[in-house]
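Colleague: The residues making up each chain are set out below.
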Amino acid sequence: AQSVAQPEDQVNVAEGNPLTVKCTYSVSGNPYLFWYVQYPNRGLQFLLKYITGDNLVKGSYGFEAEFNKSQTSFHLKKPSALVSDSALYFCAVRDGGAGSYQLTFGKGTKLSVIP
Amino acid sequence: ETGVTQTPRHLVMGMTNKKSLKCEQHLGHNAMYWYKQSAKKPLELMFVYSLEERVENNSVPSRFSPECPNSSHLFLHLHTLQPEDSALYLCASSQDSSGIWTDTQYFGPGTRLTVL
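Chains as they are written, first to last, in the numbering used here: chain P, 2 to 116; chain S, 1349 to 1464.
These are computed hints drawn from the structure, not numbers from a lab.
Glycine included, every Cβ here is placed at the ideal spot set by N, Cα and C.
Wrong hints could be hidden among the right ones.
Derived pair list, reagent style DSS-like, types lysine-lysine, alpha-carbon separation capped at 25 Å [unchecked claim]:
#1 P/Lys78 <-> S/Lys1389
#2 S/Lys1367 <-> S/Lys1384
#3 P/Lys70 <-> P/Lys108
#4 S/Lys1388 <-> P/Lys111
Pulled a few chain S residues facing chain P out of the computed Cβ check, cut under 10 Å [to be verified]:
#5 Arg1357
#6 Lys1389
#7 Leu1391
#8 Leu1393
Which bits of chain S does chain P cover? Going by a derived footprint, with three or more residues having C-beta under 8 Å, they are [what the hints assert, rightly or not]:
#9 1395–1405
#10 1452–1458
With these hints in hand, go ahead and build the complete structure from the sequences.
Modeller: This is the structure:
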């Protein structure tokens, strides 16, 4: 079975400060990891993904994430937060070893960037 | 966001009504998905279609009936729903082949459904 955990329901950060949104996962095979963002009354927008290769993945809007196999983590980061980054962030995982269609999402972390 | 469109954006229906949600993707993808997003719960995968064939149905009640007439269109037919079915219904598409399923899923804006 595959699962993903986002331990924080909400993260508050001051504008201009670095931000981190945490994600840990569990799969039996190789993990395919994704981050999505959801603004109010909108669908999910793709930010970045890790399939293989370099552990540091760069994505849209200045976001990046680091794949850490030993800690089974895929935390989302940004060096300097913007007020417009305030939204709901979802981490998702697919078990590459299972050949599954299933993309399992975390429950989401609400990011609030304070001016 | 115009790659995957959904209509209607908002829908209010009674428990005895029959309605349909529509999804259309303009990305040339070959797989389409329905998800349910409820408050305080993770996204729930409902149905997956690959090349117009249903490949996964996550134990969804029969009052939800999907239809995929071609690779660009996906419908969700609704009948005799319950108030607990009120949620945001999201459609997604991806280009997946060879059973590898690494590709990114792109989402539509969703249909906000309220069942009275």
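Colleague: With reference to the structure, classify each hint as holding or not holding.
Modeller: Results for each hint:
no. : hint                    : result
1   : P/Lys78 <-> S/Lys1389   : holds, 24 Å
2   : S/Lys1367 <-> S/Lys1384 : holds, 16 Å
3   : P/Lys70 <-> P/Lys108    : holds, 21 Å
4   : S/Lys1388 <-> P/Lys111  : holds, 12 Å
5   : Arg1357                 : holds, 8 Å
6   : Lys1389                 : holds, 7 Å
7   : Leu1391                 : holds, 4 Å
8   : Leu1393                 : holds, 6 Å
9   : 1395–1405               : holds (count 4)
10  : 1452–1458               : holds (count 7)
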